[in-house]
Amino acid sequence: MNEHVERQIALPAATPRASYDVVIVGGGGHGLATAYYLASRHGITDVCVLERGWIGVGNSGRNTTVIRANYGIPEAVRFYQRSLELYEGLEAELGRDVMHRRKGLVWVAHSEVGLRAQMARAAQNRAYGTDTEFVGPDRIAELCPDLDLAGGGAYPIVGGTYHPRASTARHDRVVWGYAEAAARLGVDVCPGVEVTGLVRSGERVVGVETAAGPIAAGTVVCAVGARASAFAAQAGVRLPVVTHPLQAFVTDHYAQRIEPVVVSSDLMIYLSQTPRGEILVGAEIDPQPGYATRSGFDFLAGCAHRAITLLPCLRDLRILRQWGGACDMTPDYSPIIGATGADGLLITTGWGTWGFKGIPAGASGLAELIGTGRVPELIAPFGLDRFARDRTCADRGSAGTH
Amino acid sequence: MALRIDCPRCGPRSVHEFRYGGELRRPPDPDWDAERRLVDHVWMRTNAEGAVRERWFHAFGCRRWCTIERDTRA
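Sequence lines, in order, name chains D and B.
In terms of the working numbering, the first sequence opens at residue 1 and continues consecutively.
In terms of the working numbering, the second sequence opens at residue 1 and continues consecutively.
By construction, these hints were calculated from the structure, which means they are not laboratory data.
Be aware that a few hints might be false.
From the structure, some residues in chain D lie toward chain B, with a derived Cβ separation under 10 Å [as the list claims (entries may be wrong)]:
1) Asp21
2) Gly43
3) Ala226
4) Ala228
5) Ala230
6) Ala235
7) Tyr291
8) Pro331
9) Val375
10) Leu378
11) Phe387
12) Ala388
13) Thr392
Far from chain B, some chain D residues (derived; all Cβ distances over 12 Å) [stated by the list, open to error]:
14) Leu143
15) Ser201
16) Arg276
17) Ile319
18) Gly371
Stretches of chain D that chain B covers, calculated by requiring three or more beta carbons in the stretch to come under 8 Å of a beta carbon on chain B [stated by the list, open to error]:
19) 239 to 253
20) 282 to 289
Beta carbons are placed, not taken as given, at the ideal position from N, Cα and C, and that holds for glycine.
This is chain D alone, in the form it adopts within the complex (with noise of 0.2 Å):
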């Protein structure tokens, strides 16, 4: 707590002038990215980004932290490996410790079915551009003695795969990293300014309306998460994102023991012991659409069930505190960047499940398309218009999880 207390006063609140090139809607983890890379990479800095609680309230500070690159279609493998080398080199372009670590992550299969895919996942993701390996049991106990192989009884690991430049990164100091580094560079990152509204001309959004007046802009990035299908509404844009929560625990602070994260598709959930000796489990999202970031019983119940059937070690370790996020979902599992069909709107949103890991990705090919006009081919497939083109890219079996 302290530590955020310290960098909240590191980094000055600005007050929005009345007019920039480029207004961002939303202080989480893309939203600032965003206006990092638009001041580093292409010398815009008349940027704000308006955030109406403080930094990092939302997601970037609910997720679990996983920087992964195994995808299961070519258009996010790569676009995950780009985010991966970012987040590798984050420390030194910030020049802040965000506590990346290097972890591996192990996806184990329990029935021949899934053995199946993890072995296209390991052929799939050599052939795109990202590390991973097919792995017997043998190797799996190997890189994580603490797994039941027998899985309790009813299921048992019969392989899967290893991709060993997983990550995880502190997720409050990536939030600030960005935030301070975009700062440095003149953009004005303005916590606890809500944004009421959009002003438009015609058909084009030319700015938006807060408290304390209207904000002329050029660009407006609409980075607001889970509340983004309000927000488009205001310029006329329909968004195929149904928000859902997800829910998350962490035990008590024990030895470092677990050093890969660990996730099975069949049981719904996956775990990493994070730098602080929490294990840190996470599952599906709910099955209804909500807005609440509340996390209760049954799911603790459920998800912790499932995790001692993969780790019984974890049977008597305390649980600290669980809490929920709110996720925006598309139907096909893969973001949405880019044009919105309105003029002067650009959007990033359906950051669902895997919004962290998309950060420093998403935010510099969005960057780039707005400092250079042009869309990134990183970020091409991931346009709001592939659903009228029938072009989406689904990937629900890599994505649904974490």
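Go by the hints and put chain B onto chain D.
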């Protein structure tokens, strides 16, 4: 506490008995052409924060569809 869905035939039951069937659709905008109406119907959602009306299928109950009202902030 888990969400409870009030099935008109079976009464309030755990959300885990149901399958979510999507928000109740609004009528298509008459100014839109057929293509845009189709794309909107297939993909686009209002995704309201607050009071919503949505379809649920009571899979582990009466196995009938129902429309319920709910607050997505709750």
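Evaluation of the provided hints:
no.	hint	verdict
1	Asp21	violated (30 Å)
2	Gly43	violated (36 Å)
3	Ala226	holds (8 Å)
4	Ala228	holds (8 Å)
5	Ala230	holds (6 Å)
6	Ala235	violated (14 Å)
7	Tyr291	holds (5 Å)
8	Pro331	holds (6 Å)
9	Val375	violated (20 Å)
10	Leu378	violated (23 Å)
11	Phe387	holds (4 Å)
12	Ala388	holds (5 Å)
13	Thr392	holds (9 Å)
14	Leu143	holds (33 Å)
15	Ser201	holds (21 Å)
16	Arg276	holds (29 Å)
17	Ile319	holds (17 Å)
18	Gly371	holds (29 Å)
19	239 to 253	holds (count 5)
20	282 to 289	holds (count 4)
Hint check: violations occur at hints 1, 2, 6, 9, 10; the rest are consistent with the structure.
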